[in-house]
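Undergrad: Spelled out from the first residue to the last, the chains are:
4 protein chains.
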Amino acid sequence: MKRKLRFGMIGGGRGAFIGSVHRIAAIMDGQAELVAGAFSSDPQRSADSGSDFYLDPLRVYPSYKDMAAAEANRPKDERLDFVVIVTPNHQHFGPAKLFLESGFNVVCDKPVTFDLKQARTLQKVVERTGKVFALTHNYTGNVMVKQARDLVKRRKLGDIRKVLVEYPQGWLSSAIEASGQKQADWRTDPKRSGAAGCMGDLGSHAENLARYVTGLEITELCADLTAFVPGRTLDDDGNVLLRFDNGAKGVLHASQISAGDENALSLRVYGSKASLEWHQEHPNELIVKYPDKPREVWRRGNDYVTVPGQFTRVPFGHPEGYLEAFANIYQEVFRAVRAEVSGRRVPRNPDFPTITDGVAGMVFIDAVVKSASRGSRWIKVPQS
Amino acid sequence: MKRKLRFGMIGGGRGAFIGSVHRIAAIMDGQAELVAGAFSSDPQRSADSGSDFYLDPLRVYPSYKDMAAAEANRPKDERLDFVVIVTPNHQHFGPAKLFLESGFNVVCDKPVTFDLKQARTLQKVVERTGKVFALTHNYTGNVMVKQARDLVKRRKLGDIRKVLVEYPQGWLSSAIEASGQKQADWRTDPKRSGAAGCMGDLGSHAENLARYVTGLEITELCADLTAFVPGRTLDDDGNVLLRFDNGAKGVLHASQISAGDENALSLRVYGSKASLEWHQEHPNELIVKYPDKPREVWRRGNDYVTVPGQFTRVPFGHPEGYLEAFANIYQEVFRAVRAEVSGRRVPRNPDFPTITDGVAGMVFIDAVVKSASRGSRWIKVPQS
Amino acid sequence: MKRKLRFGMIGGGRGAFIGSVHRIAAIMDGQAELVAGAFSSDPQRSADSGSDFYLDPLRVYPSYKDMAAAEANRPKDERLDFVVIVTPNHQHFGPAKLFLESGFNVVCDKPVTFDLKQARTLQKVVERTGKVFALTHNYTGNVMVKQARDLVKRRKLGDIRKVLVEYPQGWLSSAIEASGQKQADWRTDPKRSGAAGCMGDLGSHAENLARYVTGLEITELCADLTAFVPGRTLDDDGNVLLRFDNGAKGVLHASQISAGDENALSLRVYGSKASLEWHQEHPNELIVKYPDKPREVWRRGNDYVTVPGQFTRVPFGHPEGYLEAFANIYQEVFRAVRAEVSGRRVPRNPDFPTITDGVAGMVFIDAVVKSASRGSRWIKVPQS
Amino acid sequence: MKRKLRFGMIGGGRGAFIGSVHRIAAIMDGQAELVAGAFSSDPQRSADSGSDFYLDPLRVYPSYKDMAAAEANRPKDERLDFVVIVTPNHQHFGPAKLFLESGFNVVCDKPVTFDLKQARTLQKVVERTGKVFALTHNYTGNVMVKQARDLVKRRKLGDIRKVLVEYPQGWLSSAIEASGQKQADWRTDPKRSGAAGCMGDLGSHAENLARYVTGLEITELCADLTAFVPGRTLDDDGNVLLRFDNGAKGVLHASQISAGDENALSLRVYGSKASLEWHQEHPNELIVKYPDKPREVWRRGNDYVTVPGQFTRVPFGHPEGYLEAFANIYQEVFRAVRAEVSGRRVPRNPDFPTITDGVAGMVFIDAVVKSASRGSRWIKVPQS
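Protein chains in written order, with our numbering: chain A, 1 to 384; chain B, 1001 to 1384; chain C, 2001 to 2384; chain D, 3001 to 3384.
None of these hints come from the bench; they were simulated from the model.
Note that the structure is predicted; figures quoted are calculated from it, not measured.
Yeah, the Cβ is synthetic: ideal placement off N, Cα and C, and Gly gets one too.
Keep in mind that a hint or two might mislead.
Which residues of chain C face chain A? A few of them, derived with a C-beta cut under 10 Å, are [stated by the list, open to error]:
(1) Asp2029
(2) Pro2075
(3) Glu2078
(4) Gln2091
(5) Gly2094
(6) Leu2151
(7) Gln2183
(8) Asn2263
(9) Asn2302
(10) Tyr2304
(11) Thr2306
(12) Val2307
(13) Arg2313
(14) Gly2321
(15) Tyr2322
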């Protein structure tokens, strides 16, 4: 298929955060181009944003419904190969369902939906339509996260015993939502964010990262959630004890009130033979620790790294970061989309997060909120 | 008082670990000298150890009881100013009580006793005798830990919201106790270690560190303890959710099976205005983080450090470590002992851990074990 | 100007390294698109590469001369706004001169030319044509490098006294050029690389970084260059003493045989009041050190960072890397190119490296080689 | 020999810095005791200091000459086993020569003498008297420095190609000597410090560290020394190019005006097969880098560390620091002194710095100063 993929975008207009991340990640490898969008629920803002991106005004829409209707009728050589949804959480389900059912592949920001019920419904839509659906739990796009998973898979750590995953941020240490900061505004609003605040935004990333690397499922958890900042109703901090299906134990904690912390997602996995740790703020390194030999620092780009070279853009020592990891998710999505569009078989276990991961994330959020609301009791986590 | 202090030692003979740490810490500042001891329950080993230390054989004893009896009768100018107890946990209470009641000041390794009941009894003995009793929770001897406490006290962090304290070690990742490793042997034995393994050895340090720096008390906890290594009866790993008396939340986890981790005690304290973190393996630094200005690295030995200069032996950039922190505990003990011996008033709130801290540690261990044994339920922690 | 900029590329076809870096950096912000190229001196490889990039075959050329001739005749609405030159060093001058004289703006990889004479000639061409000419000394695109420069400019460091800049790599520790590794092959060949190997490739980056941040010029230097790997004729390692025009002293060292080092460019600047350091492998941080207060870690993306926000794509804690810094160079180039293309005034002191920096780099390389070839004597560096 | 060693001290009274370091290092292992001293050229201060150390006033002297005379006449069972000299540089030679010739073993602070001539004379005295003479280039006492040397010796790095050693401090960034700071006062005074300031104090440590680890000798150097702080006559900063006897090249730089740096001695050694780096401020780690496998972090106290266990006092993860390294020098000295005192053969190549190292250090200082004073010309360094 000798052409770039064409995509449209729902949300992500002027003033948005994650929209520009998706755009950069999607286009940086020269494999895709943005050609359409409903960038805002405010039609003027949508139009202005389309102009910022040098789009044909005819393909910039005042609403996602208009866009779905119009784009579905485009001729084949103009047709969108996929649609990217980057709206607040409560506006994922509607466009995702509509575009899937209109015959489009979909990339959606996380968490997948507003609540678990929507997620399960959407899962059926994905299965029924057979379209590609990808969820941007972007941190698993990091090369050294993939390397970590590979080491676990090849049993280099032995049996996994303990998993520590944490995600402290500090940007909501004070009530900045009161001053109208847009990102803070919707993320602290139960009507738009869902039943969880910090746990929905950050906890679900942490859960996804732990599951991706270890391949283990959480079977029970005990969560203590708190809204520390006065006036806030959703949790801005949470600590969770974890038990996994192989008998491993763990701790997951996440926070938006860890003043001075930025985006300090990290994962530590301890096995019977060795251990590893990865820190998102230093993503090019993976630390591997042994009981009986020097600890090792594995660094992206070296020949000893067993992750496919396609995920690496620049040589060792030339730091890659957040955007490249995000772009790695897209790169895998492109392979699936090109297959789908060409009528070839879509990969069965693609290396990007799918609706299954989306549902697992919502199950986790649901369980955490339930545990907390019942006096932080232990909760069994339903297995899919 | 123009002389060195004289001390004797219970335990700490050939093959011991913590005994030599106490000796170095006690003598390095030229303020005290070892003159007597019952270094082992094996009389020959005790004698050989005394010879290693160049002691007068007449003051090297086959048992602590013999030692107490004989030393109590020494003339004043030979009399021991204090006794150091460095035996396994189940042998703290006996000698501590005996020496206190025989009129000696006592330094005791942690945890203070085998169980909480003994601790409460010993507390009464300490109060009744009026002697100095110090517990070597040595990590609070670190200058930058003291600096952390000072920042909290001066309200630089605002209100404390979250406390993360962890203590991962990996040396018991396999069943080395089976091969007769002496340290592993008694620490994994419920008859000598007490009701907790990892939580007694490491958890109590973590609890003490958190309490020292924050000044907060744990009011409730929920603990998930595990013995991962087959054949082990005491926990070698534990994860604990914490609630504090001011409404702060926290996590404490400790481990002896975190393969490849060494002695990775660390503390993070998050406040409404700023946060701090300290890592035992890099003890000369304290990281202070703010929501709105560059994070700071406070380094021992600088003029801006507000901790009294007496706790610093070498200038900035000349790393101090574990032994110097331990020696700082002794330095404070010496002030109290010199006062006691001279008939002056003993400091009321000395900057070393006391029997109060010892009881608090046993309360913590007791609560953790109770929580775990009741299905990891939340437990209210009794306040003294 | 409501459209993306159009660019073409000389070199950078299949198997190249820096070509893909330029492509990603140029397109990631959605401001430019690749539409033409002479990607290789091998016509088939050029054609295949054009196909990889989904280009119109009519705009993929067998040579840069063909390309210049054909593209100069394109109608205005198809015309290239700039050309990117990413060939080996000995092939910079030819296409740069030709495209400038054919009326195109030019972005050229570093070092600017094969030798100093070419550089001075090219400088005249740039001045005469009035076109935009940018040199991708990409490291100055890093936000925290710009922050460093700003701190120096605002006199936060006082008078600069000492500059340490180093660039150790290890990838040429053995004679991999012998096995046909393409990058190694031309970089170790005096006919393609120029009079210097390591010093041309890495030393010139180091020189540029130091000059950018400090604003100082090197007036004298003493260089000791070595070819350590047997059979190599160009230096693969060099150590240089520096003297600056304000009386500051410094050291610059660079290496391709520092086994195990990756791309460890770093800069330290010491002033009378404070100092700073920046490490390319951890580019999101800038360390600022004071004689009398805690050292600070400035981190990209925070409000206290005074660098214009345009250079930052993702929030604090979301690491940016090599490609984003490179893209920052392009972003500034785009502003100049848009001005030039629109007939507006081109910025006088743009924040990207210009032909002046290119000449300075060649003067440095020339002086280093002269010093080394004369027994590592001190050499006065001509000031422009 | 079943007793502690007895030692006396020249210098190191109240207000001194390095004196207390020597005292702690000498006594911490319970192998030696301070029994005599001439602690200051001010008799009252000497007496007061003796009292601080609980010494017998009869063995506290107003001058080192008095002390030598009196102590030489002590009976055998009171006789000093060694004397420690911790005076400013210009007062090393006199007492060292006198005590050696009076039959005492001597430990002397570095640099060994005021100038090279004195050093050569002292070397003859040492040889003639056959006494133990040790120089406290303390950094080679670090376990991980010894490990580095061992790796080099066992050819794990292959052929050494490049050596980078640096020692930046910042404490003399301003003219604190003007305000009477005692340490600054004599170190910036050519009459007491010698021909070099920074290079004598720090450069000689750096040279010693490089030589100890690599086993290489410097054959040529080119030095650029500067006194940056107005009014200062001795260098407070210096940059030196190095050439070694095996063809390796290197850079040594040291500074007292690197504002905000503390005691940042570090060493990097690059070989044809691997490389290593060690940082004094994180002394428990040694980083080993390879071209083709993950870099390793070797950590003190592990079983894979090949350095004799005697140099390690506490287990891995319990940081050791400056004082322990210093004490390791003493520990080796004690072995030699016990042999000498017992009439046994003194070790031929002891693992502590000897007069040979002292002379090598003075040769280095002499060469550096000569190079600098001759316009920073290359100088051949005489080989002993």
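Undergrad: Taking the hints in turn, state whether each one holds.
TA: Verification of the supplied hints:
With 10 Å as the threshold, the beta carbon of Asp2029 of chain C comes within range of chain A, its nearest partner Cβ sitting at about 7 Å, so the hint holds. Restraint check, Pro2075 of chain C versus chain A: the minimum CB separation of about 19 Å is more than 10 Å; hint violated. A distance limit of 10 Å between C-beta atoms decides the matter here; for Glu2078 of chain C the minimum to chain A is near 16 Å, and the interface restraint is violated. Annotation: interface hint on Gln2091 of chain C violated; nearest CB of chain A at approximately 22 Å, more than 10 Å.
A cut of 10 Å between beta carbons decides the hint on Gly2094 of chain C: the least distance to chain A is about 27 Å, and the hint is violated. With a cut of 10 Å, the hint placing Leu2151 of chain C at the interface with chain A is violated, because the nearest CB-to-CB distance is about 21 Å. Using the Cβ-Cβ criterion of 10 Å, the hint placing Gln2183 of chain C at the interface with chain A is satisfied: the shortest such distance is roughly 9 Å. For Asn2263 of chain C, the interface hint holds, since its Cβ comes within 10 Å of a Cβ in chain A; the closest pair sits about 3 Å apart.
The restraint placing Asn2302 of chain C at the interface with chain A holds, with a minimum CB-CB distance near 8 Å, inside the 10 Å limit. With 10 Å as the threshold, the beta carbon of Tyr2304 of chain C stays out of range of chain A, its nearest partner Cβ sitting at about 12 Å, so the hint is violated. For Thr2306 of chain C, the interface hint is violated, since its Cβ never comes within 10 Å of a Cβ in chain A; the closest pair sits about 18 Å apart. Violation of the interface hint for Val2307 of chain C is found here, the shortest Cβ-Cβ separation to chain A being roughly 17 Å, above the 10 Å cut-off.
Checking Arg2313 of chain C against chain A by beta carbon gives a least distance of about 7 Å; that is within 10 Å, so the hint holds. Among the interface hints, the one on Gly2321 of chain C holds; its C-beta lies about 4 Å from the nearest C-beta in chain A, closer than the 10 Å criterion. Interface restraint check: Tyr2322 of chain C against chain A, minimum CB-CB distance 4 Å, threshold 10 Å, status holds.
Consistency note: the structure conflicts with the earlier hints numbered 2, 3, 4, 5, 6, 10, 11 and 12.
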